[in-house]
Every structure is written in structure tokens, then in C-alpha cells.
Amino acid sequence: MTTSTSTSLLASLAGALLTGRIRIVDLTQTLSPEFPQISLPPEMGQCAPFRIEEISHYDERGPGWYWNNFTCGEHTGTHFDAPIHWISGRDLPNNSVDTIPPQHMLAAACVIDCSPQVAANPDYLMTVADIEQFEAQHGRIPAGAWVLMRTDWSRHWSEKSDAAAFQNFDESGQHTPGPSTEAVRFLVEQRHVLGFGSEAIGTDAGQGYHLLPPYPCHSLMHGSGRYGLQCLTGLDALPPVGALIFAAPLKIENGSGSPLRVLALVEQMP
Amino acid sequence: MSPPFPKPRPKNPQLRTPQLTLPPASRGRVALGLTAEAAEGRFALQVCEECGAVQYPPREACRVCLSHRLRWKAQAGGGVLLTSTTLNHSNDPYFRDRLPWRLGMVQLDVGPSVMAHLHGDVALPTQPGENVRVRVTTRLDRSGKAVMVALPEQETPHMSDDPLLREMGSDPRYRKVLVTDGKSAVGQALIKALIAAGAERIWAGQTEPWKAAPGLDELAKLPQVTLVPLDVGQERSVIELAGQIGGKVDILINNAEMHRTFGITGRRGVEVARAEMEVNYFGLLRLAQAFGPVLRARAADGPAHATAWVNLLSIFALANWPAQGTFSASKAAAYSLAQALRADMRGSGIHVLNVFPGPLDDEWNQPMPPPKLAPSALANAIVKALRDGVEDIYPGDIAQDWLTRWRDNPKVLERELSAGAM
Chain A
-19 MTTSTSTSLL ASLAGALLTG RIRIVDLTQT LSPEFPQISL PPEMGQCAPF
31 RIEEISHYDE RGPGWYWNNF TCGEHTGTHF DAPIHWISGR DLPNNSVDTI
81 PPQHMLAAAC VIDCSPQVAA NPDYLMTVAD IEQFEAQHGR IPAGAWVLMR
131 TDWSRHWSEK SDAAAFQNFD ESGQHTPGPS TEAVRFLVEQ RHVLGFGSEA
181 IGTDAGQGYH LLPPYPCHSL MHGSGRYGLQ CLTGLDALPP VGALIFAAPL
231 KIENGSGSPL RVLALVEQMP
Chain B
707 MSPPFPKPRP KNPQLRTPQL TLPPASRGRV ALGLTAEAAE GRFALQVCEE
757 CGAVQYPPRE ACRVCLSHRL RWKAQAGGGV LLTSTTLNHS NDPYFRDRLP
807 WRLGMVQLDV GPSVMAHLHG DVALPTQPGE NVRVRVTTRL DRSGKAVMVA
857 LPEQETPHMS DDPLLREMGS DPRYRKVLVT DGKSAVGQAL IKALIAAGAE
907 RIWAGQTEPW KAAPGLDELA KLPQVTLVPL DVGQERSVIE LAGQIGGKVD
957 ILINNAEMHR TFGITGRRGV EVARAEMEVN YFGLLRLAQA FGPVLRARAA
1007 DGPAHATAWV NLLSIFALAN WPAQGTFSAS KAAAYSLAQA LRADMRGSGI
1057 HVLNVFPGPL DDEWNQPMPP PKLAPSALAN AIVKALRDGV EDIYPGDIAQ
1107 DWLTRWRDNP KVLERELSAG AM
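Which chain is which? The protein sequence lines are A and B, in order.
The letter at position 243 of the first sequence is residue 223 when you use the working numbering, and the numbering goes up by one with no holes.
The letter at position 344 of the second sequence is residue 1050 when you use the working numbering, and the numbering goes up by one with no holes.
The hints are simulated quantities; they were obtained by calculation from the structure and are not laboratory data.
Mixed in with the good hints there might be a few duds.
What the hints assert, rightly or not - Lysine to any residue pairs mimicking SDA-like chemistry, simulated, CA-CA at most 20 Å apart:
no.	chain 1	residue 1	chain 2	residue 2
1	B	K917	A	L20
2	B	K917	A	P21
3	B	K917	A	A143
Said to hold, decoys possible - If you want the footprint, here are the derived chain A segments under chain B, 3+ residues with CB under 8 Å:
no.	region
4	59 to 68
5	122 to 135
6	187 to 195
Built from N, CA and C at the ideal position, the CB exists for glycine as well.
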């Protein structure tokens, strides 16, 4: 006996996509040469910014077609961090983008809204109390879910194209929000999340180098085989719980991460 | 005195933009020696090493003793005006466009008599038999070859505003200039020097706007200065800016450079070297493709027409300094391309100035001992070179020292540098 279409989950999903009951929200910033890239002290190795050069444009180089060559780093634009990105995750199994289980590429998301705190303090660190308050309202964060920190930071770029505000550097470094060490440890050890996502240029706060351990989100998440998503946008269009995140990095051999299209499936309640 | 050069009126858009005509350009191989000296701002004539006779026109053998041992030696240029005339008619299109034009015959103190273009302030004798003394020098004309110019012996007011000297130089006054990197110390010094030289507008390229450049905000408040987004490392940025201002730029100064201080084994991998090439070499190529054609098209566009292209190279382009091996290589590549650019531009009257400074006093050369070239000294040297219309300059003590040693024997210099010397 085959499963009838009326009871097939995927068929229901397809139907819901057609009717618009399930919407797809794009959480990706456009890859452009102007999009700010992560910026380390100049004597260190640098992630390449996105660059694009024409191959032909319906011209003498190719009369009937338009195409480009582009170059970028694995961590350019909206991108995915695999555990191998960090030294703490370098010996884990299936730790690079080509070997992470495809089953992880579609997962539930919990969106914790820290935008009011960040509006007052760009260095805001999400606390365990923020997570507990979220759970008090929306239920316990399920194991294997993404936790996305909504800050509205992405609007500096997506709405205002203000690269300086998006980077927010001063003489003491970068000032962008992220999670506290305790919050990361809680999500990893107590909630067994799939990974952590951020709107800023890194999953860690701009001042994360001064926390213990330095860059706690990279160090602890990747050290326990979890993932990162950064430079997300559009998190304000997601419900606190209930969205599904489709995040499939490019299958780069032994890759530490990759730019990707991050999509969210959001159900409209009838 | 020369009348001061007036601020040009806005262009009349109903008239066709004048097209450039060029003076006759061909010269024999020997005579190119005169151009080679003039390209560095020297007036030199061949001098016989056997008998000491000074030669002109350039030749293969001494006019006195027939020795072939003739060497180019710098000359003071003093002389007496024998006769002069003013052309009011010419069949040559270049001179036809620029009449009236003064010419004269000068007897040089060192012997030969030469035909020279006359500066407007060279007086005529007021009575028969009066000696009018002049100072002869060489200038590169608009086809890039050396010609003799007779100047008054003493400086006169507004002397550089004479139409002849403006024609044979690229004075920034009332011109619009693009400085491709306004953020660097050299870029900021260039902006200041250009303002002091009377440039009408300066577009200052700005890359990675989130990285603060101390001092730039102050400069950007000046009425002549406009910050523009420009990253020579990416095609679209260059093309977009050329689309916006390409038709207005009279002088392009490409000072954008990626300077890192690694030798071959000092830095694992090629990412830094690639970034140096991306800016120092490909950046020049992108600019040349985007801005070159429109600059060429405006080479006769009014009194403050498009006139010059400046490349900030390095003395390390001539010989690799292993301590900054990949930077040196990127500058050698840029130098080679700059030669192609000059050849490309020559037929259209746009002057290409290549600048070969020694080590700059910048953050990457911080551990190096002096002498290091101050950005302001480099900027002033560039503005002077534009006014004088020279092609190659080597500012700074180290650059001068390297140049002398390189000309003397490049192989000896290579050995000295490979042994760790500077």
C-alpha cells in the first residue's frame, strides 16, 4: 500500500508552498564587492573580499552570453562555519563542509530577540538569562535546533549600506554584538543546539577576543562539532519558534566554511 | 612678464571638442639620447671625450676630431640669442592650431648654435648689437620628444604660465585630478600639494570606508576635495567611477598600492603576494582600461585639457630588494605595464610620469633606519615633475643611490642586494 498524497508530509509541504501557507524567507545578504569582509590586523592572513570580473557581456569576448568569474574567501558574505574552522574542532569527525551530514542542513530555528538591548549597547552579550526568558515564553530550545540571535544589526547594511556602521570599528577594535561565554556553554552543554547564527560579521561579539576563552562561540561551538552562521539578515521576519532553516554550504573539499544562501521556511497560521 | 594663466571658462557644449594634433615626432636613435636626458629633466649635449668639443645636433662622430667617443653630459644652457622670428603661418597642423609661435637661434656659450622655441618673456634686442642672454633647456613636447626651449636668463613673474611651458608640462593649476588612494599618507600629502599648486578639483579615492584614515575627514572638508569610493582591486568599482567622473579627469595619479614587507620565505603561501599584484599591477591595468580612452579623447579639450597620468612605482621595480621581495616583484610588473601605457598614450599627447621613490616613511617601513622618504617630499616632487613635464623621477636619497648603482652595473647591484645590503 503506497502512502496516499493526503498523508505524505512532503506532499503537504509542497501544497503549502504552492498556496503560500508556508513562505520562504531569504536570510542572505547579497554578495557584492562592497559588502564588508572580516578584517584582522593587517599583518595577519586576510579573508578575501568578494570580487567579480566579467568573462563576457554579449560582446566580442562572447557575443551571445554574459558571465563572470568571482573570487572570495570561505568566510565572505553570509556564510557557514564548519567545526574545522577552529583549532578546537580540528580533530572531530565530519568537521568540514564536504563531510558534515546533509541531515543537518535543514533544521528548526529558535530566534532570540536581543534587538532592544543591542540598540542601547552595540557590545551587548546575550546572557543565559536572555535564553531562560525566551524559554519561559516559547518553550525549551529543542536539541539539534539553530539558535539565531536577532539584533537587527544587518540593517546597517541591508537598509543603509553603511559599511562603517556595520563594521563599527574604533581604536579599541570592533563593537558588534554576540553571545557571552556562559550563554554559549549553556547552548552547547545544556541544549545541544546545532549551531549559533548572528547578523554581525562573526558569531562572536566584536570584542570577543577579550572574553575567556577568546572567541567563545567559535571555540566552544566548533569544539563540540556545532556550526556557525553569520552575516544573516531578515531575522525580524521569523517567528521566535517554528521556522525551519535550510543552510547547505558549498561542498568544498576539506573546506572550513562557505558563502551560502540561507533560507527559512515559515508557516503562516490560518 | 607672462600674463597670469586665467581660470578657464566652462566648455561650450555646442562646439566640437578640439582634437589633438601633435608636433613631428620622429627622431633617430642617436638623437633619442637628448630625449632620454630630458625625460629626467636634464639638458645634456654630447661631449667628445677625446677633444672636449660639445656637439649639436646629435651625431655619431665628433664634428672636430671624428672620435666616436661622445658622451651625454649635462649643460648649463647659457647663450646669446642670435636671431628670432614669430610664425604667423604654418602648414603643420600642430603649429597651425597654436599660432603665433616664436622661434630663435641661440649661440650656446659651449659652442654650438641651436634652434629653440622662445619663451614669451625672452626680449628682443632694443638696439643693434645688443646681446640678449637666454638659458636654453630641453622639454618634452606633446609628442614626447625633446625640444630646445630658450628661457629668459632670470626668472620672470608668472613665468610658468607662458603658453609654451604650459604646453610642455602638466601644471595642475585649474586642473581636475583623481588621486586613486586618498586615505594613505602619500595620498593626503598629494591632496595638500595639489591644492597648493592650484588644482581646481581633487577626487580622492576611498577604499574600505570602515577603516578610519586619520586626517582624511579634515581634508574632505576642503572645497576642492571630493571623496569617491574607489577600489582599484575590483573591476566594477573602477568602471563605475570612470563612468561618473572619467570625462572630467585631467590628471590621474595612481598612488594606490599594497605594500607588505615579506621576502619569499618570510610569508607562507601566495595570498599576500597576490594581493600586492591585485592592487599594484592589475589595479593599474583596470584604471588604464577604464580611464585611458576618455583621457586620450580630451587631450586638447580647452586650456586645461587632460594632460597626464602618474604611476607611483618604487625604486625596487628596477632591482628586487629581497627583504621586500614580493612587493618588489609587483612593482616591477607595474613598471613594465607603465611602459606599455606610456607607449599607448604617446600618440594621443597624454604624458605618463613614472615615479620611483625609495623606501617611504610609512607604517610598513617602520623598523627600517632612515633615510626614508617623507610623504610630503614625495608629493612635492610629483607636483614639480608634472609642472616640468618630465617622465621619470627617483625621489629620495636611497632612490638616487640605487639609480646610480643600477646604471653603473645592474649585476653588481643585484649581488650587493642579495648579500643583504640596502
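Here is what the structure says about each hint:
no. : hint              : verdict
1   : B:K917 <-> A:L20  : 11 Å, holds
2   : B:K917 <-> A:P21  : 11 Å, holds
3   : B:K917 <-> A:A143 : 10 Å, holds
4   : 59 to 68          : violated (count 0)
5   : 122 to 135        : violated (count 0)
6   : 187 to 195        : violated (count 0)
Hint check: violations occur at hints 4, 5, 6; the rest are consistent with the structure.
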